[in-house]
Amino acid sequence: MLQSSLAGLTSGGAYAALGVCLVLMYRMVGVVNFALTATGAFGTYVALVLWGHGVPYVAAALVGAAAGAAISALLGAVMATWFYDVGPEVHASVAIAMMIGLLALGFQAFGHGPRSLPAVLQGPAATVSGATITVVAVVVVAASVAIALATWVLLRTTTIGVRLRAVSERPVTAELLGIPARPLTVAVWALAGALSTAIVVLVAPTRPSDFLSLSLLVVPALAAALVGVFTSFGATVAGGIGIGLIEGLVTDSDALAPYSTVLPVVVIFMVLLWSQRRERWDVTR
Amino acid sequence: MSRADRIARPALLAAAVVGLVVVLPTLLPDYWLFLATSAIAAAVIAHSVGIVGGEAGMIVLCPLSFAAAGAWIGCWFATHAPGVPFVLQMVCAAAVAAVVGAVVGLPALRLRGVNLAVFTLGVAAAVSTVLATASFPGSDAYVTVGRPGGFEDATAYYRFCWIVFLVLAALTTWASRRRVGAAWRTIRRSERTAASLGLSVPRVKLGAFAASAAIAAVGGVLMAGQLGLITPRGFEPLASLSVFALAVMVGARFPEGALLAGVMTAFVPELLHRLGIAQDWGNVLFALGAIQALAAGAGVAEIARRRQRARRVRRAAARPAPAAPARDAPREVRPLRAGGEPVLETAGVRVRYGQVVALAGVDVAVRPGSVHGLVGPNGSGKTTFIDAVTGFVAAEGDVRLDGASLRGMAAHRRAAAGLRRTFQQQSASEELSIAQYLRLAAGGSLDAWMTAEALEVVGAADATTRIGELDVGARRLVEVMGAVAARPAVVLLDEPAAGLGPEASAELAAHIASIPARYGCAVVVVEHDMQLVHRACDEVTVLDYGSVLAHGAPQEVLQQERVVTAYLGQEVAVG
Amino acid sequence: MSGLAIEELYASRAGGLVLRGCSVEAPAGRVTVLLGANGAGKTTLLETVSGVIPADRGRILVDGEDIAHASRRRRARLGVAHVEQGRTVFRHLTVAENLRAAGHGARAVAAALETFPELEPRMGTRAGDLSGGEQQMVVLARALAGEPRVLLVDEMSLGLAPIVVQRLLPILRAAADGGMAVLLVEQFAPLALSIGDRAYVLGRGAVVLDGEASSLAGKTDVLRGAYLGEATVA
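Chains as they are written, first to last, in the working numbering: chain A, 1 to 285; chain B, 1 to 575; chain C, 1 to 234.
Hints are all accurate, no fakes.
DMTMM-like cross-link-like pairs, simulated, lysine to aspartate or glutamate; straight-line CA separation at most 25 Å: (1) LYS219/C x ASP197/C; (2) LYS219/C x GLU561/B; (3) LYS219/C x GLU25/C; (4) LYS219/C x GLU556/B.
Among the chain A residues that face chain C by a calculated CB cut under 10 Å, a handful are: (5) ARG170; (6) THR173; (7) GLU175.
Ranges of calculated distance between the beta carbons of each label pair, as one might list FRET restraints: (8) GLY218/C x GLY501/B: 26 to 32 Å; (9) GLN355/B x ALA174/C: 30 to 36 Å; (10) PRO258/A x ALA95/B: 27 to 33 Å; (11) VAL78/A x THR231/B: 33 to 39 Å.
These are computed hints drawn from the structure, not numbers from a lab. We put the beta carbon where it would ideally sit given N, CA and C, even for glycine.
Taking the hints into account, I'd like the entire structure generated from these sequences.
Okay, here's the thing in C-alpha cells:
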C-alpha cells in the first residue's frame with residue numbers, strides 16, 4: 001500500500017508545484033489561470049520537437065521554458081490591455097477561452113498522440129520500508145517546495161516582490177506612485193509560463209504525454225490551489241502532495257482505479273462545503 | 001411598440017418557424033438533416049449555459065455532464081422500461097438533472113464565480129472518466145434509445161426536436177420576463193442588491209443551477225434519441241469548455257443565440273472539413289470569438305438585441321408622447337400608526353473593523369410617519385449604520401422593527417420583514433425595465449397605482465423603459481421607488497441626492513417628504529445635501545466619530561455649536 | 001505659470017457629471033486650499049488631476065504642459081503626487097517596504113525619516129497595524145520621497161486627532177516653501193486656511209467662491225452657509 005501511495009508522489013509534486021503557480025498568479029494578478037498547464041504543455045512540446053531534432057535535452061528544455069514564458073507573456077499582455085479593470089469572473093472566462101485556443105493550436109502543431117520522451121531522471125532514489133521512491137518524485141517534490149519557498153522569498157525580500165504585492169493590494173495607488181503595474185503583471189505571467197513548462201517537462205515521462213492530458217493537469221492543480229484557498233502556498237503544496245498520494249492509493253485498488261480522476265473533484269467539493277459552513281454572499285458586489 | 005412593430009415581429013417569427021420546421025427538412029439531403037438535428041440538441045445545451053451564465057452570472061463548465069445525465073436516463077429507460085413515452089422520459093431526465101444540478105451548485109452558494117468554475121471543471125473531468133469506465137446503460141447489449149411514437153423517421157424527429165426547443169425557448173423567455181428572470185439578472189449584477197430586495201441569494205442561485213442542468217439534460221435526451229447508441233466520446237471536458245466558449249461568444253441566453261451556437265457546433269466542423277482545414281481551427285475561432293465577446297461585454301445575440309432595442313427607443317422618442325392616462329385615486333394607504341412607539345429603534349449598535357471602531361454605540365429612534373435625517377461629517381459612520389441595521393455588516397447591539405428584535409436575522413429576511421434600503425452606488429440591473437424592477441422589489445404584487453406613482457417620480461413615460469436607458473438621477477429614483485413599492489415599515493435611503501443638480505435635488509426632497517403620507521413608510525435618509533435635509537426631514541440625528549452627537553429638528557440641531565464644530569472645526573463655530 | 005492650473009474641467013463618475021467646468025490655479029511655492037461640502041467634487045477634482053478618473057473636457061496643466069490625456073504613471077513621472085483620501089497605505093507591507101515600493105532609493109527614504117522621525121522605530125511594522133496618524137505620515141512620506149512638483153492632498157485630517165493634524169500641516173507648508181505646488185482639500189476649513197495662501201470653495205462641481213485664505217477665514221457665515229445649508233445663514 002505504501003508503494004502504491006508513493007507512486008503518486010511524482011504526480012503529487014507536480015500538482016503541488018503547479019498549484020503554487022496558480023496561487024501566485026491569483027494573488028499577484030488576480031486571475032485564475034486555467035491556461036497555465038496548456039502553456040506548459042506547449043513549451044514542453046517545443047522542447048520535445050527540438051530534442052527530436054538532436055538538440056541536447058537540457059538546451060531544448062530551456063528553449064521550451066522560454067517559449068512557455070513568451071506565450072504566457074502574450075496572454076498576460078492581452079489580459080492587461082483589454083481586461084484590466086474587470087471582475088474575476090470575466091478574467092476566468094478569458095483564461096478558459098485562452099486554454100481552448102491553446103489546446104486547438106497545440107493539437108494543430110503537435111497532433112493528438114503521445115510523444116516519446118527522453119529517459120532522464122529515471123530510476124529509484126531511495127527505499128522506504130520496502131517501497132521505492134523514484135528520482136523524478138524526489139526532484140519534483142523538491143521543486144514544488146523550492147518554488148513555493150522561492151516565491152515566498154521573492155515576494156518578501158526583493159524590490160520587485162514588494163512592488164508586486166503593492167500592485168496586487170492597491171493597483172491604482174501603485175500606479176499613482178509610478179510603479180509600472182502592467183509590465184509587472186506581464187512579468188508574472190511570463191514567470192508562471194516558464195515554471196509551468198519546467199514542471200511539465202519534468203513530469204511528462206511519468207504520465208500520459210499527449211497534449212490534452214498534459215494540459216488537463218490544471219484540474220488537479222486547481223484542486224491543490226483550492227486546498228490552499230488560493231492564498232497559502234504551504235497548504236497548496238500539502239494539498240497537491242496529498243491528492244497525489246491518495247490518487248496513488250486509489251490506483252492500486254482494481255475496483256477504484258478507473259475513478260482516480262474523480263478524486264480531485266471530491267476533494268474540492270468537501271473543501272468548499274467545509275470552508276463555507278457559515279452562509280454569506282459576495283458582499284463586495 | 002408601434003403598430004407596425006406589433007404585427008411585423010410575430011409575423012416574421014412565424015414565417016421563420018414555418019420555414020425552418022416545416023419546409024427545410026423536405027429540402028435537405030439526409031446527411032444535412034442529421035447535422036441540423038444535432039444542431040438543435042447542441043442549441044439546447046448551449047442555451048443551458050447561457051441561462052446560468054448570461055442570465056444569472058455563474059460560470060458552469062460542465063454542461064455536457066448534465067447532458068450526459070440526460071442521455072444516461074434515456075438509455076436507462078431504453079434498457080429497463082422502453083414502454084415509457086419519450087416525453088415522459090425527457091421530463092424525468094430534467095427532474096433528476098435538476099436535483100443533481102442543485103447538488104453541484106451547493107459550492108456556488110457563497111463563493112465567487114471563479115471557485116464555481118474550478119469546481120465544475122473538475123465535475124466535467126470526473127464525469128467523463130466515470131462514463132468511460134461505467135459507460136451508458138445497455139450499451140454492451142447495443143440497446144438503442146427509442147424515439148417518440150410517431151416521430152421515428154429523420155424528418156419527423158427533426159421536427160420533434162424543434163418543438164422541444166421552441167417550448168424550452170418559450171419557457172425561458174417567459175421566465176426572463178417574470179420575477180425569476182429579474183432575480184437572476186439582479187444576482188448577476190450584485191448579490192447584495194438582491195438581498196436588499198428580500199431575495200434569498202442561495203435559493204435563487206440554486207434555482208438557476210437546477211434550471212440549467214434540467215435544460216442540458218433535455219438536450220442530452222434529444223441527442224440520445226437522435227443517435228440511438230451513445231458513447232462516452234463527446235462528453236469530454238474539452239467539449240464542455242468549447243460549449244462554454246461558444247455560449248459566451250454568441251450570447252446563448254437568448255434563443256436565437258443558442259440556435260446560432262447549435263448551428264456553429266454542427267456545421268463549422270463540416271465546413272472546415274469540406275474546405276480541407278483542420279478541425280482544431282474551429283476551436284480557435286470559438287476561443288477568439290469568446291475573448292472578443294468578453295472584451296465587448298456582450299455576445300452576438302446580445303449585441304443584436306441591444307441594437308434593435310436602441311432603434312426602437314429612438315423611434316419611440318421621435319413619436320409624440322401619448323397623453324398620460326388619468327390616475328385612479330390612490331389605493332388605501334397603510335394607516336400611519338399613531339402613538340409613540342418608534343417604528344425603528346436601535347440601542348447600542350456597535351461595529352468594529354479590526355481595531356477601528358466604526359460605530360461606537362448608536363441609539364436612534366424613528367417615529368412612525370416621520371422623515372428622519374442622518375447626517376455627519378465624512379467618516380462618521382452613516383453608511384455603516386445603515387449596513388448594520390439592515391444586516392449587511394456584523395454588529396452588536398439591538399435593532400427593533402415595530403418592536404420585534406431583528407437580532408440574528410439575515411439581510412434578506414430583514415428586507416422581507418419591512419426594512420428596505422438603497423445603496424450609494426447604483427445597484428439596479430440595467431437590463432431590467434422599470435416595471436420589472438418594481439415588481440421584483442415589491443415582492444410579486446404591484447398595483448397599477450404604484451407603478452404610475454413611480455413613473456411620475458422618475459419622470460419616465462413608459463414602464464417598459466430599461467433602467468439602463470435612464471440617466472443616473474432617474475436610476476436612483478427608481479431604486480428609491482423600488483424600496484417604497486414593497487410598502488415596508490421603514491425605508492433607509494443612502495445619499496439619494498448624490499450627483500443630482502439643484503432642481504432635481506429639490507424635487508427629490510419634496511418626494512421624500514411626501515413618502516410617509518403617500519405610502520405609509522417612515523424614512524431614514526443619509527445625506528450631505530443640507531438643503532434636502534432642511535426641506536425633507538422632520539428630525540435629524542448627527543453622527544460624529546461613530547457616536548450620536550445631537551438629535552432634534554433640523555433648524556435647531558444644525559445651528560448647535562458642537563455640530564458646526566464637527567463639520568467646520570473649532571474657530572468657525574466660535575467666530 | 002509654474003505649478004498646477006486646471007481649466008474648465010468636466011469629469012463624471014458612474015455616469016453622473018460631477019465636475020462642471022471647474023477652474024483652479026495652484027501655483028508653485030504656494031498652498032492652495034480647496035473647501036466645500038461633501039459631494040461638491042473636491043475628491044473628484046484631485047482624482048482627475050492625478051489620473052484616477054479620466055477627464056471629460058478641459059485642461060490640466062503642470063508647469064504649462066497639458067497632462068489631461070497622460071497615463072497615471074506618466075503623470076507620476078512628471079511630478080504629480082497624490083495623497084488619496086483614507087490613508088491608502090499598503091496594509092500588508094511594512095513601513096520600510098511602503099517607502100521602498102515607489103523605488104526612489106535609500107536617499108529618499110532617509111530624507112523621509114528626517115521629516116518623520118516617529119516612523120523610525122516602526123520601520124518593520126506592517127502598515128495596517130499603525131495608528132491613523134502614523135499611516136498618514138507613511139503616505140505623506142511616500143509621496144514626498146519622489147520630490148514631486150505638484151502635491152495633491154485629500155482630507156488629510158479625516159479621522160485624526162487635532163494634535164496630529166497640527167504636526168502634519170507645517171510639513172505641507174514647508175513643502176510649498178521649497179517650491180512645490182500644494183493643493184489641499186479639506187473639510188475642516190480653519191485648519192487648512194491657517195497654512196493656506198489662496199482658497200477656493202467648491203459647490204456642485206464648480207467654484208462658487210475664491211479668494212485669499214486670510215480673507216476667507218473671516219467670512220464664517222458664508223462658509224457655514226456653504227456647508228450646512230441656507231437655513232443656518234441668518
